[in-house]
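Next come the chains, spelled out residue by residue.
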Amino acid sequence: MTNTRLALSAAFAALLAAGPAMAELVIPNLSYRTGPYAPGGIPYADGFNDYFTLLNERDGGIGGERVRTIECETAYNTEKGVECYEATKGEGSLVYNPLSTGITYQLIPRATADGIPLYTPGYGRTSAANGKVFEWVFNYPANYWDAASVAIRYLLDENGGSLAGKRIALVYHNSAYGKEPIRTLQELATKHGYEFVEIAVDHPGQEQKSQWLQIRQQRPDYVLMWGWGVMNAVAIQEAANIRYPMENFIGVWWSGSENDVLPAGDGANGYKSLAMHGSGMDYPVYAALKQHVYDKGLASGDGDQIGSVLYSRGMYAALVIAEAIRKAQAIAGTAQITPAQMRDGLEQLEITEARMAELGLPDFGQSFAASCADHGGPGMGRIQQWDAAARRWNLITPFIAPDMDVLGPLIEADSMAFATENKIALRCQ
Amino acid sequence: MPDQILFALEVTLNGLMAGVLYSLVALGFVLIFKASGIFNFAQGVMALFAALTLVGFQTGQVPFAHLVNVLFGTHVEHFGWTMPTLAAIAATMAVMVVMALLVERLVLKGLINQAPIILFMATIGLAYFLEGFGDIMWGADIKRLEVGLPQGLSETIDAATFAWFGYGFFIDRLDIVAALVAAALVVSLTLFSQYTRHGRALRAVADDHQAALSVGISLRAIWVLVWSIAGFVALVAGVMWGTKLGVQFSLSLIALKALPVLMLGGFTSIPGAIIGGLIVGVGEKLFEFAVGPLVGGATENWFAYMLALVFLLFRPQGLFGERIIERV
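Protein chains in written order, with the numbering used here: chain A, 1 to 429; chain B, 1001 to 1328.
If you're looking for bench data, these hints aren't it; they were derived computationally from the structure.
C-beta: ideal position from N, C-alpha, C; glycine also.
Don't take each hint at face value.
[As the list claims (entries may be wrong)] So these bits of chain A aren't anywhere near chain B, every CB distance computed over 12 angstroms:
no.	residue
1	E79
2	V82
3	A425
[As the list claims (entries may be wrong)] Covered stretches of chain B, as calculated for chain A (at least 3 residues, CB under 8 angstroms):
no.	segment
4	1034-1047
5	1178-1191
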């Protein structure tokens, strides 16, 4: 009897252990559908899930293997994010996209030790763009410092190539995320001769009267914003209240979703933000999504976020991961890849405009090719402007390249300091 | 007049206005604490829930739409009609009264004579439940709340101050409305508690539960009443803050702004909530204006608590709170 029980237990344990190795590609989705940042987390998670559902339903997965997304709620809380990572890494997870700079910072040493790649498009640790130091982290196509530089390049274009004598204020979330662009903007201020004013807003940013009175009193020529969640909507409302010219107010791409502008109504008209991809439903991929996902009732969440900026961003992140899986499968010669092979796929990934068009997203994102040393991509960004009457974002510039003469040395210095501190041997020599 | 003095004056006025908005939240805490000795952790979430419900009624949103759609395979989101603002406010108030009844029946009834910390823990549970319930009922997306309140720069004050000082002060019209509403609320609450039968019963319960029971006042009825009034105050706070921020789940965090106000003004005083709010509002804004730039800014959150702690050193019961001495 005891032997039978033992045999049964062993068989059950073997079955459980075999679970993660089953033929499927496991992609965790560290999302936040609850708490104060849920309005940003929900559309991103929906877009991320829906794209993989499309691949499963239309193509039978990637390379014949179905994708299994595991959603884990972080509530944008760093501790919960780490718990989610620990709870899901044993499932055979191929790559993590935690949608939080705080969680990313905590996961970098863990994921590096565990040999699981992190993909943090448009957020996370900027200097992870240096693949010589950060073997397991990828943040292409653009990062925070790129965003700061693109904003300044746009303002240079608007001002005939000179910002000398101008005053530019940065309203930022008083967190690791919000402080990311400060050093870049300081360096660029030295180069271009503008006065740089830093204005911090405490989490969550519901009350910003002091900050906007300061802006009213100091009258900066331009205001840049690094916000997230309710801070964005309040800042835009306060800017409208003090009648700050909206066309001179530019947010980073995390301050440029419908959630940020709709609460201010007509007051938000003309507000600008950076964009690292297009949005809206004027892309062929939506016909496929409608046929294979939405009409079958398989849409993630309520299905009411489709086409929004953050839905598009989640979908874009899923698309890049899917393309990296294809690349990894091609390199490894097998459809059932490991996290290490996934890393190889991410490192050798190339996405061209022709490929984006083939995937149903022409003129949506920038082309890029990763390499051993370059995990950051070209870092380009566009400017989009809110049309309150039409309730839509309009892209008003082509992709603008960042100033790598300034950013290159900053990334090098920061990543090398990390390498020295953590005794990391440089790769790609 | 030097620019810096004018700026400081403008900041002070805006601090007063911000303080009123904090007071609106603090009032709900005071009402419940005064009548039942419960520190209602759920007050911020009640404001969120009230605002969500108001927008839901106004826009004809189907409650629990996601759940209904999942269970029955339907695609319903809206009823196809909208409700006038006043009717929506009345309907929301009815929901808040039902909520008060349910809180009394399902939460408080079983906890009579329990230690205050138990009741406090129950309100923490209530806060989390209500937040999740609001999410399931109305969805987590950001909603625009429009009840016809004015917003933005007050031209009159701008023009008048410009004529006097050569610099126009910024005062948000929504803040002016909030100040008037808060004043009306305090006056009506005072009149209610002083001159109505139920108000006197409420005060009797607040003074001594046992004595009130002995003269035939129903403790449970009073609890329903006071939670209903707190629901009304939450609705007012939800309307003001929801108009300002949009109705979104971070609205529940406005409770964090009320805590230093309560510590400063006292947990049992309605005027204390107002005065505490004004002191916190002005204090944090002036500190941010004068000291913020020297220390990297973003001082408001911690300064409010520091200010409250300093007051506590000298008046542990707050400015207007009752001094509670317990023999051990």
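Which hint numbers doesn't this structure obey? Result: hints 4 and 5 break, sorted rising.
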